[in-house]
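Asks: Sequence:
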Amino acid sequence: MLRIAAFAFSLFALPVQAFTFAGLDGSHIDLNDWRGQPVLVVNTASLCGFTRQYGDMQALYEQYGPQGLVVLAVPSDDFRQEFSSNEEVAEFCRVQTGLTFPITEITSVRGAGAHPFYQWLASEHGHVPSWNFNKALIGVDGELIGFWGSSTRPVARAITRPIRSALP
Numbered sequence: 001m002l003r004i005a006a007f008a009f010s011l012f013a014l015p016v017q018a019f020t021f022a023g024l025d026g027s028h029i030d031l032n033d034w035r036g037q038p039v040l041v042v043n044t045a046s047l048c049g050f051t052r053q054y055g056d057m058q059a060l061y062e063q064y065g066p067q068g069l070v071v072l073a074v075p076s077d078d079f080r081q082e083f084s085s086n087e088e089v090a091e092f093c094r095v096q097t098g099l100t101f102p103i104t105e106i107t108s109v110r111g112a113g114a115h116p117f118y119q120w121l122a123s124e125h126g127h128v129p130s131w132n133f134n135k136a137l138i139g140v141d142g143e144l145i146g147f148w149g150s151s152t153r154p155v156a157r158a159i160t161r162p163i164r165s166a167l168p
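In the numbering used here, the protein residues as written are 1 to 168.
Treat the hints as calculated values from the structure; they're not laboratory data. Warning: the hint list may mix true and false statements.
Computed Cβ-Cβ distance ranges for the label pairs, DEER-style [as the list claims (entries may be wrong)]:
no., residue 1, residue 2, range
1, E87, R157, 17 to 27 Å
2, R164, S85, 35 to 45 Å
3, G36, Q63, 13 to 23 Å
4, G113, H28, 16 to 26 Å
5, W131, R157, 14 to 24 Å
6, S84, R35, 26 to 36 Å
7, S85, G36, 29 to 39 Å
8, E143, E91, 28 to 38 Å
9, G149, E124, 15 to 25 Å
Heads up, the beta-carbon is just placed ideally off N, CA and C, and yes, glycines get one too.
With the hints as extra help, turn the sequences into a complete structure.
Replies: So, in structure tokens, the structure goes:
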């Protein structure tokens, strides 16, 4: 039992770049591939009142992506507002909505089954998504720059200012 606890502790001590996700398209998303770039990680849901923020996320990606910003959507059904399959999420996000930034498969973002990135966010920074469309901005050094709730749009100055400051 002590061995498991020691492993869990060491997991949280890892730099954010050590985390990987399964991509919506079956790919492997490794945050280490974006070392030296700011990454905006957003837990999303396709059937939420905040889903319109996908458009803001795409606008950020189009405006700041060429300068190095990565936007990563993490669809989650933790709040019971996501489609039941990755195929439905892909149809909605890629075909119906036209999103071009990286998207993970449906992933848990809170509780005991939360993805290790979200466990790190909770244990190291005290941030647990309280609803869909919570945003975490990770700096070029892999450290958390800021965390915003659902009501803060991705294009709000509170987010775009630190993004511009973090761009290489």
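Asks: For each hint, tell me whether it holds in the structure or not.
Replies: Hints, verified against the model:
A beta carbon spacing of about 37 Å between E87 and R157 contradicts the range 17 to 27 Å that was offered as a hint. In this structure the hint that R164 and S85 lie 35 to 45 Å apart at CB holds, the actual value being about 37 Å. Checking the proposed 13 to 23 Å range against G36 and Q63 shows it holds: the Cβ atoms sit about 19 Å from each other. About 20 Å separates the C-beta atoms of G113 and H28, a value consistent with the hinted range of 16 to 26 Å.
At about 21 Å, the beta-carbon gap between W131 and R157 stays in the expected band of 14 to 24 Å. For the pair S84 and R35, the supplied restraint of 26 to 36 Å holds, since their beta-carbon distance comes to about 34 Å. Here the CB-CB span from S85 to G36 is close to 35 Å, well matched to the stated 29 to 39 Å. For the pair E143 and E91, the supplied restraint of 28 to 38 Å holds, since their beta-carbon distance comes to about 35 Å.
Taking the beta carbon of each, G149 and E124 are about 19 Å apart, inside 15 to 25 Å as hinted.
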